[in-house]
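Protein chains: 2
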Amino acid sequence: MNDHQTRLSLEDAWTLSIDVLEQNGFSQDQAAAIARSVMAAQRDECHSHGMYRLLDCVRTVRYGGVEPRAVPEIHEKAPGVISVDARGGCSLLAFETAREPFIEKARATGVAVLAVKNAFHFSALWPEVESLANQGLVALAMTPSHAYVAPAGGHSPLLGTNPIAFAWPRPESEPFVFDFATSVVARGEVELHRRAGESIPEGWALDETGQPTTDPSAALAGALLPFGGHKGAALSIMIELLAGPLIGDRLGHQTRPADGSDEGAPQHGEFILAMDPHAFLGTGVATRLQQAEALFEGITAQGARLPSQRRYGARKRSQAEGVIIPQKLHDELVKLRDPS
Amino acid sequence: MNDHQTRLSLEDAWTLSIDVLEQNGFSQDQAAAIARSVMAAQRDECHSHGMYRLLDCVRTVRYGGVEPRAVPEIHEKAPGVISVDARGGCSLLAFETAREPFIEKARATGVAVLAVKNAFHFSALWPEVESLANQGLVALAMTPSHAYVAPAGGHSPLLGTNPIAFAWPRPESEPFVFDFATSVVARGEVELHRRAGESIPEGWALDETGQPTTDPSAALAGALLPFGGHKGAALSIMIELLAGPLIGDRLGHQTRPADGSDEGAPQHGEFILAMDPHAFLGTGVATRLQQAEALFEGITAQGARLPSQRRYGARKRSQAEGVIIPQKLHDELVKLRDPS
Numbered sequence: 000m001n002d003h004q005t006r007l008s009l010e011d012a013w014t015l016s017i018d019v020l021e022q023n024g025f026s027q028d029q030a031a032a033i034a035r036s037v038m039a040a041q042r043d044e045c046h047s048h049g050m051y052r053l054l055d056c057v058r059t060v061r062y063g064g065v066e067p068r069a070v071p072e073i074h075e076k077a078p079g080v081i082s083v084d085a086r087g088g089c090s091l092l093a094f095e096t097a098r099e100p101f102i103e104k105a106r107a108t109g110v111a112v113l114a115v116k117n118a119f120h121f122s123a124l125w126p127e128v129e130s131l132a133n134q135g136l137v138a139l140a141m142t143p144s145h146a147y148v149a150p151a152g153g154h155s156p157l158l159g160t161n162p163i164a165f166a167w168p169r170p171e172s173e174p175f176v177f178d179f180a181t182s183v184v185a186r187g188e189v190e191l192h193r194r195a196g197e198s199i200p201e202g203w204a205l206d207e208t209g210q211p212t213t214d215p216s217a218a219l220a221g222a223l224l225p226f227g228g229h230k231g232a233a234l235s236i237m238i239e240l241l242a243g244p245l246i247g248d249r250l251g252h253q254t255r256p257a258d259g260s261d262e263g264a265p266q267h268g269e270f271i272l273a274m275d276p277h278a279f280l281g282t283g284v285a286t287r288l289q290q291a292e293a294l295f296e297g298i299t300a301q302g303a304r305l306p307s308q309r310r311y312g313a314r315k316r317s318q319a320e321g322v323i324i325p326q327k328l329h330d331e332l333v334k335l336r337d338p339s
Numbered sequence: 000m001n002d003h004q005t006r007l008s009l010e011d012a013w014t015l016s017i018d019v020l021e022q023n024g025f026s027q028d029q030a031a032a033i034a035r036s037v038m039a040a041q042r043d044e045c046h047s048h049g050m051y052r053l054l055d056c057v058r059t060v061r062y063g064g065v066e067p068r069a070v071p072e073i074h075e076k077a078p079g080v081i082s083v084d085a086r087g088g089c090s091l092l093a094f095e096t097a098r099e100p101f102i103e104k105a106r107a108t109g110v111a112v113l114a115v116k117n118a119f120h121f122s123a124l125w126p127e128v129e130s131l132a133n134q135g136l137v138a139l140a141m142t143p144s145h146a147y148v149a150p151a152g153g154h155s156p157l158l159g160t161n162p163i164a165f166a167w168p169r170p171e172s173e174p175f176v177f178d179f180a181t182s183v184v185a186r187g188e189v190e191l192h193r194r195a196g197e198s199i200p201e202g203w204a205l206d207e208t209g210q211p212t213t214d215p216s217a218a219l220a221g222a223l224l225p226f227g228g229h230k231g232a233a234l235s236i237m238i239e240l241l242a243g244p245l246i247g248d249r250l251g252h253q254t255r256p257a258d259g260s261d262e263g264a265p266q267h268g269e270f271i272l273a274m275d276p277h278a279f280l281g282t283g284v285a286t287r288l289q290q291a292e293a294l295f296e297g298i299t300a301q302g303a304r305l306p307s308q309r310r311y312g313a314r315k316r317s318q319a320e321g322v323i324i325p326q327k328l329h330d331e332l333v334k335l336r337d338p339s
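Protein chains in written order, with numbering that gives the first Met the number 0: chain D, 0 to 339; chain F, 0 to 339.
Chain D with its partners taken away, still in its complex shape (with noise of 0.2 angstroms):
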C-alpha cells in the first residue's frame, strides 16, 4: 500500500457499495447483487471490475442508462432454454434471480441455458459460473460490450471486448475458472492506465485513423485489437451472435455507452450455459473430476499457472486482510455517497 491507497475491510467496502449505490436510486435488491459482483471482484484483485465500477454504475443511472429499481422477470422458453428480462436494469439481479431454476433446468435437462435480455451490463462473468460450479455444474458465459474492436484485418470498431469465461468443479478446492476479453485486453484495462496517465503496450489498440497506438486516449476513441488474431476475432463473432440474435438481444454495435456522448441504450444481453455432469456421467462423476486434476496437476507441474489461481490468492488475502484501493477512488465514493 502506498500514500495513494486507503485499505478498507470487506465489511466498510460491503456498506460503501450499498450506500453509494442506494443513495443514487438503486433499490435495495439492485444494490445488494451490484454490491456482491463488485465486491468480488475487488477481493480477488480485478481492479478494473471491482468498486471503480461503482462511478460507472452511478453515472449511468444519471444519463438514464440503467433503471435502478428494475425487477427482472422469467421467460420459461424450452425445457432447455429459460429468458430473464432485466427489463433495463442491471444484469446482475437479472442472473440472481432466475439462477435456481436455471440449476433446475440444468439438472434435468443436462444442458441448459440462460438468456440474460435487455441488461445494463458492466461486469465480470466470472462471479456468475463459479457460482455455477460450486453448485457442481460446468458453465460458460459471454456477453457482448459497446463496438470497441475491430474484426481482424479491419480497421474500425466493430465488435465487443466480448468476454468468455468458464468453470469447472473441482472436488477439493475452488472451481477452475477462466474469464477473458476476446480484445487483446480488457477495455477497463486501457481506461485504468488513462487515469494513471501511463501509456500502453503496443499491439493493443488502433487510433481514430485505423494506425496502431499506445496513447490509451487515442485507443478509446479508437479501436481495440482482438487477441490472437483471426480466431480471437472469430470467437468474439461467436459471442456477438449466441448473446446477441440467438437470444433476442442487441450486437456490440446497436449498443451505446449512456455516457452523454451518445444516443442509444446500453442494453444488450448474456448467454450462458450450464451442463451437469450427472447427467453425463451419472455414478462416474468423482472418477472423472478426478481425471481433470490430471490435468491441472500437468500444467500447474511444469510451472505454469492455472488461469484463476492469482485470484484465489488475492481472495485469501483480502478475506484476511481488507481491500486496498486508491484514495481517489475512495473519496470519488464518498462524494457520491454524502452529495452535498
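Errors might be hidden in some of the hints.
If several chains are the same, the list does not tell them apart, and a pair holds so long as it fits within one copy or across any two.
[To be verified] Derived lysine to any residue pairs resembling SDA-like cross-links, with alpha carbons at most 20 angstroms apart:
no., residue 1, residue 2
1, LYS76, GLY135
2, LYS76, ALA107
3, LYS76, ARG287
4, LYS76, GLU103
5, LYS76, LEU288
6, LYS76, GLY281
7, LYS76, ILE102
8, LYS334, HIS3
9, LYS76, ARG106
10, LYS76, VAL284
11, LYS327, SER47
12, LYS76, ARG98
13, LYS327, ASP55
14, LYS315, SER172
15, LYS76, ALA285
16, LYS327, THR14
17, LYS334, ARG61
18, LYS76, GLU99
19, LYS327, PRO338
20, LYS327, TRP13
21, LYS334, GLU21
22, LYS76, THR286
23, LYS327, ASP11
Just so you know, the hints here were simulated from the structure itself, not pulled from any lab data.
On a predicted model such as this, the values are computed, not experimentally measured, just so you know.
Model the placement of chain F on the given structure of chain D, informed by the hints.
Same frame as chain D, now just chain F:
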C-alpha cells in the same frame, strides 16, 4: 497446377478415396463416412484434412489403432444429452449415425449435446457443424487431440491441438463457420512443412528442450504453442475438459497416435452442442437472422474477411474444375489401392 501436382475430378477423387479405404479393411459405411469428410476438406482446399489424411487412416488401421468395421451405438443420457459410442471406429460414422436423433433432441429441448466417444478422430470439425447449420441450428464442436501443445508458461507437450468449430445459419448463403486449432497452427500444417522440406515460422513451436524452433521435425518432437498466449491456452483446457472428462472420455495426454512409435490407444471423444433458434426466438427467427447479417456486413465492409469465405470460394472452384493434389500423394494412394 505445377508438374508435381495432379488434377482429379470430384468423382474420381471420391472413388479413389473409397477404394483405398475399402481395400484396407474399412467397411462400406465407415469408408463412405470417412470419404465424405476427406473429400469435403479436399474440395474446400483444406489440404491438411484432405485426401492426405487417407494415409493416416491406412497407417492407423495397420497399427491396430482404429476398428475399421465398427458399428456405432447410440445411448440416450438425458433429455438434452445423447452419446454415441464409436466402438473404436472413426468418429465420422458415429457422428452421422447420431446426427438425426441429435437434431431432434436440439429441436425438442432448444439445446442439446452430442458426445462422440471412443473414436479415432482425424477430421476437420467444420463439415459437422456446417451440416447442423444447414438444418437451421447453431452448432459448436470441439475435440482434444494427442498431447502436442505446451500450456502457456510451460515447456512440455500436454494439451492437444484441440480444435473448436462453430456454425451459424445464414438465410441466403452458406453458414458462417469457423474451425481453428487452439495451437498457433494445426499439427497437420507442421507435418505438411516437414514433407515439403520447409522451415516453420518462429512462434509456432518449442523443441524437445523447451526452446523455440523453426525446424518442423524438432517441433513435431517438441511442443506446439497455444494461440493467443494464456487466453488460447485457457480455451484449450476447456476443450480438453468438455470433450474429455465431461463426456467420459480421454484427455489429450491420455491418448497416443497408433503409428508404432508408442503404446496406447488413439481413441478419444468429441463434444458437439446444438441450439435451435426457434426455441429461443419463436417467430422472431427470420428477423434475428437478418440482424446477424448486419454484423457480417460490418466486417466485410471494412475489408476484413469472414472465416469461411476463402473455403467457400475454393468449393466453387473445385465443383467446376475438380481438385488438385500432389503427384506424390496420388502415387501413394494408388499404391494403397492396388497393393502388390
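LYS76 and GLU103: within-copy, between-copy, both or neither at 20 angstroms Cα: Both: 14 angstroms inside a copy, 17 angstroms across copies.
Within, between, both or neither: how does the pair LYS76, ALA107 come out at a Cα-Cα threshold of 20 angstroms? both (15 angstroms within a copy, 11 angstroms between copies)
Homomeric proximity label, LYS76 with LEU288: Cα distance no greater than 20 angstroms: between (31 angstroms within a copy, 18 angstroms between copies)
Checking LYS334 and HIS3: alpha-carbon separation at most 20 angstroms within a copy, between copies, both or neither? within (17 angstroms within a copy, 75 angstroms between copies)
Pop the pair LYS334 and ARG61 into one bin, within, between, both or neither, using alpha-carbon distances up to 20 angstroms. within (15 angstroms within a copy, 75 angstroms between copies)
LYS327 and PRO338: within-copy, between-copy, both or neither at 20 angstroms Cα: For LYS327 and PRO338, only the intra-copy Cα distance (16 angstroms) is at most 20 angstroms; the inter-copy one is 79 angstroms.
How would you classify LYS327 and ASP11 at a CA-CA limit of 20 angstroms: within, between, both, or neither? within (17 angstroms within a copy, 73 angstroms between copies)
Should LYS76 paired with ARG98 be assigned to within, between, both, or neither, using CA atoms and 20 angstroms as the limit? Classified as within; 15 angstroms inside a copy, 24 angstroms across copies.
What label fits LYS76 with ALA285 when the C-alpha limit is 20 angstroms: within, between, both, or neither? Answer is between: at 17 angstroms across copies they meet the 20 angstroms cutoff, but 32 angstroms inside does not.
Alpha-carbon proximity context of LYS334 and GLU21, limit 20 angstroms: within (14 angstroms within a copy, 78 angstroms between copies)
Which holds for LYS76 with THR286 at a C-alpha limit of 20 angstroms: within a copy, between copies, both or neither? Result: close only across copies, 18 angstroms inter versus 34 angstroms intra.
Intra- versus inter-subunit Cα pairing at 20 angstroms for LYS76 with GLU99: Close inside one copy (16 angstroms), not across copies (23 angstroms); limit 20 angstroms.
Violated hints are absent here; each numbered hint is respected by the structure.
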